[in-house]
Amino acid sequence: MSLQVITAMDPPGGEIQGSGVSDPFDLSLIDSLLVLSNGTADVGEQLEVWLQCSIDGRKWFDVPADRRGKTSAISTEPTGAVTNKRNVWTDQTDSNRPFIAIFNHVPYDWGRLRWVADADPAEIKVTLIGK
Amino acid sequence: MAQAKTIELVAANTVATGDGEGLKKRLPTITMAIVGIDVTAASGTTPKFTAWLQVSDDGGTTWYDFPADLILKSSAIATDLTATANARNICDEIDETGEGQYLAIYKHIPSDYVRLKRLVSGTTPSYTFSANLVGK
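Protein chains in written order, with the working numbering: chain A, -13 to 117; chain B, 826 to 961.
You may find that some hints are simply not true.
Unchecked claim - Straight-line Cα separation of at most 25 Å, DSS-like style, residue types lysine-lysine; simulated pairs:
#, chain 1, residue 1, chain 2, residue 2
1, A, Lys45, B, Lys830
2, B, Lys850, B, Lys942
3, B, Lys932, A, Lys71
4, A, Lys45, B, Lys932
5, A, Lys117, B, Lys830
6, B, Lys873, A, Lys45
7, A, Lys45, B, Lys850
8, B, Lys942, A, Lys45
9, B, Lys932, A, Lys117
10, A, Lys45, B, Lys849
Since the hints were made in silico from the structure, they are not lab data.
Work out the full structure: start from the sequences and follow the hints.
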């Protein structure tokens, strides 16, 4: 079992606007997955990113994460760790906080990211790590 | 570690106007799975369509409802949606506006045989849909 690292979203110029989907990526060697999202969406910007899987290579289904957390430097237990949420990155009131989404089980071979952003450009990079 | 296998539970463009079951399928090597139901058309007067997975321990004579770990309907809306946990119905009494993609996640599925069960009600109800199981 070897570690797989996939850069799923790293737009040229580092910015995205509007709605879109990434290129599909191969998850056939992965049974469990981390989706790491790091960006600089400003306060007030709308940006939602989530994972989709394919049943047959044509139809795509939204996949909820088992857990999602947010990196923080504060010493108290951070708020924001949630379960069973769809989005791996979601609107946040504080900027520049990386998200981690955990998918404990990955029974499918193909995934992609879908996003909805407003007209203001948002910078985000999404990496998938799995075994 | 294995590549996923796709198993057709209900063929594409199946039209359901009443209760029924999909194909009985065997899962000899699959231990975790998703089931995707794609409802492409829905019509009728106050129609309802409900579908869920069943498992069998005796080759298909006796069937048991199998709850999913997580269920989510695909959506393009920019909201932090929450999946439904520990529920049976993948499609839960959807009406004539219920077209879309429904996903159920089964983190552990140690069963041998599975099938999709459906209930359809209403006046002249009609649902066009397909269902596939993908697992490793």
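For this session: List, from low to high, the hint numbers that the structure doesn't satisfy.
Result: Failing hints: none at all.
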